[in-house]
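The sequence shown begins at 737 in my numbering and counts up one residue at a time.
If you're looking for bench data, these hints aren't it; they were derived computationally from the structure. On a predicted model such as this, the values are computed, not experimentally measured, just so you know. Honestly, I wouldn't trust all of these hints.
[As the list claims (entries may be wrong)] Label-pair distances were calculated between CB atoms; the ranges are:
1. Gly801 <-> Pro1003: 25 to 33 Å
2. Arg923 <-> Ala1012: 26 to 34 Å
3. Arg777 <-> Thr930: 32 to 40 Å
Virtual Cβ for every residue (Gly too), placed ideally from N, Cα, C.
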Amino acid sequence: MGVHVPVMLSETVDALAVKVGGLYVDGTLGRAGHSREIVRRGGRVLGIDRDDAALAEVSALGVSGLKAVKGRHGDMAKILDEEGIGDVDGILLDLGVSSPQLDEGERGFSFRLDGPLDMRMDRSRGLTAADLVNGQGAEELAALFRELGEEPQARHIAQAIVRARAAAPIATTRALADLVEKTVGRRGAHHPATRVFQALRMAVNDEVGELERALRDGLGRLKAGGRFAVITFESITDRVVKRFFAAHAGREVSLQAGGSRWEGEEPRVKLVLRHAVTAADAETARNPRSRSAKLRAAERLAA
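Take these sequences, add in the hints, and give me the full structure.
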């Protein structure tokens, strides 16, 4: 199994401004790299993840001050209620897929390793990527690849999939990756199936919906002065976070009669980082998967 290296560890935990004795939610616990640093700085963490393998590894670590529970970050408010927790001092989301998930062929996340076309973060429930590839029509697949993968050849690829599966179901990552490459050819450094695999993974795990729910409900459970930090790896999810924080940061609008009025969503926040932070050159050299990472953070203001 691959080792997961937490991206922008110091920058992210710095953005949370950890308070000694404060309670933090790590909504995407993974192998607890960020959470262990929060604990090291004196915070306590409730970690949420839907991946049984990740939860088992974290439980085996026995980190004092870190409690791991199975669930989805989109259900954060419900989980906090079940744990008897009210408002918290900070929330972290480190989105996307972890290195161990990518490096296990049987999980079906990577086109580099052959395995079943699965892609579920929680393998105990839900449709697999194979279910979508073999069950959706050409128009549905094209829309999925276009909207979640930003794939310019979405229609062409979808039509090729429908033709190929008429002969036999597309059941493995290698079969799908080879089909996409054969359909659109190979140009540049990135594998031509990259966007298709991204779209399928995001659809299988409802990543945009989970993120939107986590942002909305999580902000509602932050104490005044509490921080919300989010790391994204795709432009789609980064736009969701950027727009959400901007809407709640609002703006002061001058009035003709004098004075001003604040316009924006409630509850209010201030941006901790004016612009997204990206990994330093030294980190991207050590960990190439950090190249696409963007960190954004906001602080909840008093009512």
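Do the hints match the structure? See the list:
1. Gly801 <-> Pro1003: 25 to 33 Å: 28 Å, holds
2. Arg923 <-> Ala1012: 26 to 34 Å: 28 Å, holds
3. Arg777 <-> Thr930: 32 to 40 Å: 36 Å, holds
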